[in-house]
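Chemist: Next come the chains, spelled out residue by residue.
Protein chains: 6
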Amino acid sequence: MLRPSLRKPDQMRPVSMETAVNKWAEGSCLIKFGGTQVLCTATVEFSQPTWKRMQKKTGGWVSAEYCMLPRANSTRRNHEAMQKDNRAVEISRLIGRSLRSVIDLEALGKHTITIDCDVIQGDGGTRCASVTGGFVALAMATRWLMDNGHITENPIIANIAAVSVGLWQNELILDLDFAEDCEAELDANFVMSEDGRFVEIQATGESHPFTSEQMSEMMQMASVACKKLIDLQNQVLE
Amino acid sequence: MLRPSLRKPDQMRPVSMETAVNKWAEGSCLIKFGGTQVLCTATVEFSQPTWKRMQKKTGGWVSAEYCMLPRANSTRRNHEAMQKDNRAVEISRLIGRSLRSVIDLEALGKHTITIDCDVIQGDGGTRCASVTGGFVALAMATRWLMDNGHITENPIIANIAAVSVGLWQNELILDLDFAEDCEAELDANFVMSEDGRFVEIQATGESHPFTSEQMSEMMQMASVACKKLIDLQNQVLE
Amino acid sequence: MLRPSLRKPDQMRPVSMETAVNKWAEGSCLIKFGGTQVLCTATVEFSQPTWKRMQKKTGGWVSAEYCMLPRANSTRRNHEAMQKDNRAVEISRLIGRSLRSVIDLEALGKHTITIDCDVIQGDGGTRCASVTGGFVALAMATRWLMDNGHITENPIIANIAAVSVGLWQNELILDLDFAEDCEAELDANFVMSEDGRFVEIQATGESHPFTSEQMSEMMQMASVACKKLIDLQNQVLE
Amino acid sequence: MLRPSLRKPDQMRPVSMETAVNKWAEGSCLIKFGGTQVLCTATVEFSQPTWKRMQKKTGGWVSAEYCMLPRANSTRRNHEAMQKDNRAVEISRLIGRSLRSVIDLEALGKHTITIDCDVIQGDGGTRCASVTGGFVALAMATRWLMDNGHITENPIIANIAAVSVGLWQNELILDLDFAEDCEAELDANFVMSEDGRFVEIQATGESHPFTSEQMSEMMQMASVACKKLIDLQNQVLE
Amino acid sequence: MLRPSLRKPDQMRPVSMETAVNKWAEGSCLIKFGGTQVLCTATVEFSQPTWKRMQKKTGGWVSAEYCMLPRANSTRRNHEAMQKDNRAVEISRLIGRSLRSVIDLEALGKHTITIDCDVIQGDGGTRCASVTGGFVALAMATRWLMDNGHITENPIIANIAAVSVGLWQNELILDLDFAEDCEAELDANFVMSEDGRFVEIQATGESHPFTSEQMSEMMQMASVACKKLIDLQNQVLE
Amino acid sequence: MLRPSLRKPDQMRPVSMETAVNKWAEGSCLIKFGGTQVLCTATVEFSQPTWKRMQKKTGGWVSAEYCMLPRANSTRRNHEAMQKDNRAVEISRLIGRSLRSVIDLEALGKHTITIDCDVIQGDGGTRCASVTGGFVALAMATRWLMDNGHITENPIIANIAAVSVGLWQNELILDLDFAEDCEAELDANFVMSEDGRFVEIQATGESHPFTSEQMSEMMQMASVACKKLIDLQNQVLE
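Residue numbers (the numbering used here), protein chains in the order written: chain A, 1 to 238; chain W, 239 to 476; chain H, 477 to 714; chain G, 715 to 952; chain X, 953 to 1190; chain E, 1191 to 1428.
Read the hints as simulated data drawn from the structure, not as lab findings.
It is possible that part of the hints are untrue.
Claimed, not checked - Below are the BS3-like pairs computed for lysine-lysine, each with C-alpha atoms no more than 27 Å apart in a straight line:
1. K499/H with K270/W
2. K52/A with K528/H
3. K1246/E with K824/G
4. K32/A with K1247/E
5. K508/H with K57/A
6. K1300/E with K290/W
7. K1242/E with K290/W
8. K704/H with K508/H
9. K528/H with K246/W
10. K960/X with K746/G
11. K737/G with K984/X
12. K528/H with K56/A
13. K770/G with K1246/E
14. K737/G with K975/X
15. K348/W with K771/G
16. K1004/X with K110/A
17. K56/A with K586/H
18. K942/G with K746/G
19. K508/H with K703/H
20. K533/H with K1062/X
21. K1004/X with K746/G
22. K508/H with K270/W
23. K1247/E with K824/G
24. K1213/E with K8/A
25. K528/H with K1004/X
26. K1222/E with K23/A
27. K586/H with K261/W
28. K1008/X with K52/A
29. K1062/X with K528/H
30. K722/G with K975/X
31. K942/G with K348/W
32. K56/A with K532/H
33. K737/G with K960/X
34. K1004/X with K52/A
35. K824/G with K1242/E
36. K1246/E with K766/G
37. K32/A with K1222/E
38. K770/G with K294/W
39. K1008/X with K56/A
40. K484/H with K704/H
Take these sequences, add in the hints, and give me the full structure.
Modeler: Written as structure tokens, this is what we have:
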């Protein structure tokens, strides 16, 4: 049976990553997963975040801010709604945790890197595109820190990438677009490190619980896709 | 090797659930996982939430609000911090999604049930205790709706319960308390339905990615524990 | 004529105070005035509040935060409403002023004590229960400071307690519950020190002005009740 | 012994009330207690407040908003501070309650009157001046409603006025100015109806508890002063 | 053709400026343009604003806060609306920029002057009255700084004043009142320095674009009026 | 003398406008003035804004929201700062007023069009680019309304465009980039309709007042540039 996008179950949408798209940011990447477009910028600050300085901790910090532009979706969201956007809060935290899992905060020194993921156009999978493109911006920013002599060692431990898997009509499908996401019974997001291990899994079967076996299959499907995304990251970062 | 709490790897803390602890609420449960104490209350409103009425949808709604009392933790959190508590937002959404997965919103009719999970004392696993105790409060509220003739059919499809599994010194351990959580390399939360399937999994290996095999083991360990919690729910609900 | 609760005019509800109910707080007390239950916790910080440090003043500070849990009442109050709760602001200020009236801020040293009064269940008289239970938590926290060698002198000058008096069907009644409060023509709250003098009186005759003589009678009735509450405080603090 | 202002213990500052000082408001009064200047305006709306309409209640409503201009005091308060001004919240509620105690909300019909008390210059006793001047603005607005045929019956039941009494060097003094207020051991505010009964008493002995006898004396002193203020109200309202 | 106010096209309303109207402020002026009344107060702080100190800049700062009292207009605006009042933000910025254009921030030393412009009664032209009266308050505050030996040099470079010009029935008219403003096709505000040059022009032809020639005529008309306002400023400042 | 960008005084930067860049919006335009990039989207709602419906007015409404992405500038602005961005408020109002000046709100029917101007990258002149690109998005949205039969008449009265003129080293220069803007003595923005008349002028000589003659020259320079922008608008709209 054909899925709504007419893709094969394990077929991703066309993916592109364009780097150095912002003249001000220390790292930037415009990533597209089909119709989903996210502008990821990395900002370096030469200090620790306040809470870390207060607690007299060593090392740096990485965090993320995810935001949808007002008309990134089929209906407009006004600025007031954007200010208390619980979903955005949850996704920002996911991106930040994921990126911190592959960075050596001690090697980063007393620097703070903020990754802004601004969704220019949303069409499903924005959090996965944000993690994947956010990593590229982060890697550029750490390279910038090294190139400019602010740190001596590469704090990046490994690449990470993320992809979604869903259950549609009892079949697992990869990288759901918006239309598919609306019809899916299950929505799971996988963040994987380049060694094939997972740093974050979020699986939600709001209308359709899932079994241990299905989880294993999803992890397998996500694993193949993330490897491809990591290859593409390495190409654009060269 | 002994885990910090001296419990066996797959041993939960003592669990208790006390119902009808609030004279005003349509359902209530004070749940304890060891030192963690969460007061769960269910509030019934005789209308749909605004957004659902606006969109002229049928059926009711269930949502949750998770909140820690100011001194639920080792350090006090002031009311201002509580007002933009991103972690609480994320957990509230998790509890709400989980509870909605086992309720037939059509059978609920045009009613809104809000589950407040107020953490009286926190000691690890507060979100899992909230889901488990929140279900009890929800079940009491739906029974109250039936007993008072507001709905005719039980909208509860199945019990759910939740438990955490962590990785500590390369060993999987169940139901982490606060001290263990601070030392753990991996923190995963499992929400399971009574048929043994999962409705939500959140696994975060911030400092320690995990493999597909480890995930399978964790699901197995969580599954046994959730079954016990569901048995206890059924006892107190009788 | 019998008052709604069937109590005698000058009869309080059963009162209980349970201490050390929170494993994290430096002082804590769960106080019950009949169906009213307030969890009072005291938090010690080893610094002055910002405003006092700025003005280079000596001594410490005591303040209070009063908050009702969402379902402490017959109708649920959502978290947004709790954030701009004018009544709670007024009560927090009353509790803080009252507690400061019996503490020697110089003897407290450069410490800040915050008393959180979280109403688990409300049934009338929550502000009076908060003052009375808040004093117990405060006294425990100052003892903790002395026991741990942070201060050398007991900064507590005297006990305080509080009780409400109302006018119902032209008769003065003590310690109104919620049902009585709704029907009362006058609502007055008295905070008394152990020497029998008053530190705060708030009397509001929104629908029924009162005379100087009635005020004298109310002060007399409150005085007897506060003495009993102070006796109970001393028992639980021993 | 002479009090700081050189006035006699029971001597008020010069009081003036100027009406019709705002071309837009349905009632207005610029009241001065010595250096304290408060602009009170009454705004009539031809509807009930939302909460009253929702609950399908009859009658109107009166409420008050107290606000200090940024430089009403010796130090400037910025607009941000004005937005979460707990003291202003407490005073607004006091003024509103007091005014409602002398108005027949049924006779007011489905109208809402809002009394804005904007402190142009503060020099002690602003809340008492606000109640006293606010009453004048309210009385003008109800007269305006009658003159324009919106209501047929005067909803004003009685005049009210307010004055402060303090304890300074163990002597009771009337109508404290700012300098006296800073030195006083006790600050009490009395709102009295024209029949000599009280509608609100707030007495705070933060640094100096007071006895039942002192309260009686203060009530007596306040009573004489409020009678004079009510006489003045009647003069300007004629 | 007569304009609504029956004034001649280039005729201003009666203008008055009263100084030293606030006992606390370092400078103050109550300015009236006909029915428009604005209380302007200047507050001196003995420090730079935070942002300037952070950037280690030299010199002082001047800023303004414009605010309408709740009943300054025909309809009441509640305090919530006042808190996110976009129009007030825009006007505050205009006043601040204008006043900074005639002050030598280096000569001001490390002082911050805040000009509060509180509209007691609005009747058109409030922003122009605020600039004009705000200058008087500012000049008094700088004189106060010199008189008290905090600075040695007068930082005021020149007087400024402001006036509005509108287009009504195709004729240019000066200093519009509220009724005229509602009917005007064009609303322009001119801030002029005493040397006849402009420091700010804001012209808005929302319903009626204007030509370069009309702009020249408006500048001419404004120029004459501003000169008169500056003469009046000098009289009251002597 | 060469200006910092090496352009001639009256030379604009390369301008491009790309339409239909957002799959969800009813009109969209990515406009570039050199390094300045603004994404303008138009959102149609099939209702009047609340305030217009309340006042029972006829016709539709057009408003604008201007927002800079966090890293649109050389330093990052966090989301909190974006929420109370006074400069953005002022610019949003300017764009909205300007666009309303060329639209027949009656012909628009009961529709609300919101123009979001999101600055992807800022390099001077963002408000002028926003007005110019916002007009394109607006024109597309009104065409969409006509093409889909929601309105019958084109509500667009005329094209508008905007450009900045500055004074640098006593010479007038057109279309300042960020580096030039920092050095300029005068910053003026001109919004012009296609008939050569102006709908909005904002001129600010914070450090350098300007004469009537300079204003005339600036209007001339802006006029030529706006005509070119309008030509380009017409090309991309065909």
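Chemist: Look at each hint and say if it fits the structure.
Modeler: Outcome of the hint check:
Pair hint K499/H plus K270/W holds up; C-alpha atoms about 14 Å apart against a cutoff of 27 Å. A hinted pair counts as satisfied when its Cα atoms are at most 27 Å apart, and K52/A with K528/H qualifies at roughly 25 Å. Taken as a hint, the K1246/E and K824/G pair is honoured in the structure, with Cα atoms around 22 Å apart against an allowance of 27 Å. Proposed proximity of K32/A and K1247/E is contradicted: the alpha carbons are some 44 Å apart, above 27 Å.
For the suggested pair K508/H and K57/A, the alpha carbons sit about 43 Å apart, so the restraint of at most 27 Å is broken. Between K1300/E and K290/W the CA atoms are separated by roughly 24 Å; this keeps the pair inside 27 Å, and the hint holds. For the suggested pair K1242/E and K290/W, the alpha carbons sit about 25 Å apart, so the restraint of at most 27 Å is met. At roughly 14 Å between alpha-carbon atoms, K704/H and K508/H fall within 27 Å of each other, so this suggested pair holds.
Restraint check for K528/H and K246/W: not satisfied, since their Cα atoms lie roughly 50 Å apart, outside the 27 Å limit. Of the supplied pair hints, the one linking K960/X and K746/G is violated, its CA atoms being roughly 39 Å apart against a limit of 27 Å. For a cut-off of 27 Å, the pair hint linking K737/G to K984/X stands: about 14 Å separates their Cα positions. Between K528/H and K56/A the alpha-carbon distance is near 24 Å, which keeps this suggested pair within the 27 Å criterion.
Among the hinted pairs, K770/G with K1246/E is consistent with the structure: their alpha-carbon atoms are about 25 Å apart, no more than 27 Å. For the hint pairing K737/G with K975/X, the CA-to-CA distance comes to about 26 Å; that is within 27 Å, so the pair holds. Under the criterion of a C-alpha separation no larger than 27 Å, the hint pairing K348/W with K771/G is consistent with the structure, at around 25 Å. For the hint linking K1004/X to K110/A, the alpha-carbon distance of about 24 Å falls within 27 Å, and the restraint holds.
Annotation: proposed proximity of K56/A to K586/H holds, straight-line Cα distance about 22 Å (limit 27 Å). Of the pairs offered as hints, the one joining K942/G and K746/G holds, with about 14 Å between alpha carbons and a cut-off of 27 Å not exceeded. With a CA separation close to 17 Å, the supplied pair K508/H and K703/H stays within the 27 Å bound. A distance of roughly 25 Å separates the Cα atoms of K533/H and K1062/X; the hinted pair therefore holds under the 27 Å criterion.
For the suggested pair K1004/X and K746/G, the alpha carbons sit about 40 Å apart, so the restraint of at most 27 Å is broken. About 21 Å separates the Cα atoms of K508/H and K270/W, which keeps this hinted pair within 27 Å; it holds. For the given pair, K1247/E sits about 25 Å from K824/G by alpha-carbon distance, which is consistent with the 27 Å threshold. Restraint check for K1213/E and K8/A: satisfied, since their Cα atoms lie roughly 24 Å apart, inside the 27 Å limit.
Between K528/H and K1004/X, the direct Cα distance comes to roughly 25 Å. Compliance with the 27 Å bound is thereby established for this hinted pair. For the suggested pair K1222/E and K23/A, the alpha carbons sit about 14 Å apart, so the restraint of at most 27 Å is met. Taking the CA atoms of K586/H and K261/W, the gap is about 42 Å. The hint is violated against a cut of 27 Å. Taking the CA atoms of K1008/X and K52/A, the gap is near 24 Å; set against the 27 Å cutoff, the hint holds.
A C-alpha spacing of about 24 Å is found between K1062/X and K528/H, which places the hinted pair at or below 27 Å, so the restraint holds. Between the alpha carbons of K722/G and K975/X the distance comes to roughly 24 Å, so the proposed pair stays at or under 27 Å and holds. The straight-line distance between the Cα atoms of K942/G and K348/W is roughly 59 Å, outside the 27 Å bound, and the hint therefore fails. For the hint linking K56/A to K532/H, the alpha-carbon distance of about 25 Å falls within 27 Å, and the restraint holds.
Note on K737/G and K960/X: the hinted pairing holds, with a Cα-Cα distance of about 24 Å set against a maximum of 27 Å. Proposed proximity of K1004/X and K52/A is supported: the alpha carbons are some 25 Å apart, at most 27 Å. Between K824/G and K1242/E, the direct Cα distance comes to roughly 24 Å. Compliance with the 27 Å bound is thereby established for this hinted pair. For the hint pairing K1246/E with K766/G, the CA-to-CA distance comes to about 24 Å; that is within 27 Å, so the pair holds.
As the CA atoms of K32/A and K1222/E are separated by approximately 21 Å, the hinted pair is consistent with the 27 Å bound. With a CA separation close to 25 Å, the supplied pair K770/G and K294/W stays within the 27 Å bound. The suggested pairing of K1008/X with K56/A holds, with an alpha-carbon distance near 25 Å, which does not exceed 27 Å. At roughly 16 Å between alpha-carbon atoms, K484/H and K704/H fall within 27 Å of each other, so this suggested pair holds.
Consistency with the previously given hints fails for numbers 4, 5, 9, 10, 21, 27, 31, ordered from lowest to highest.
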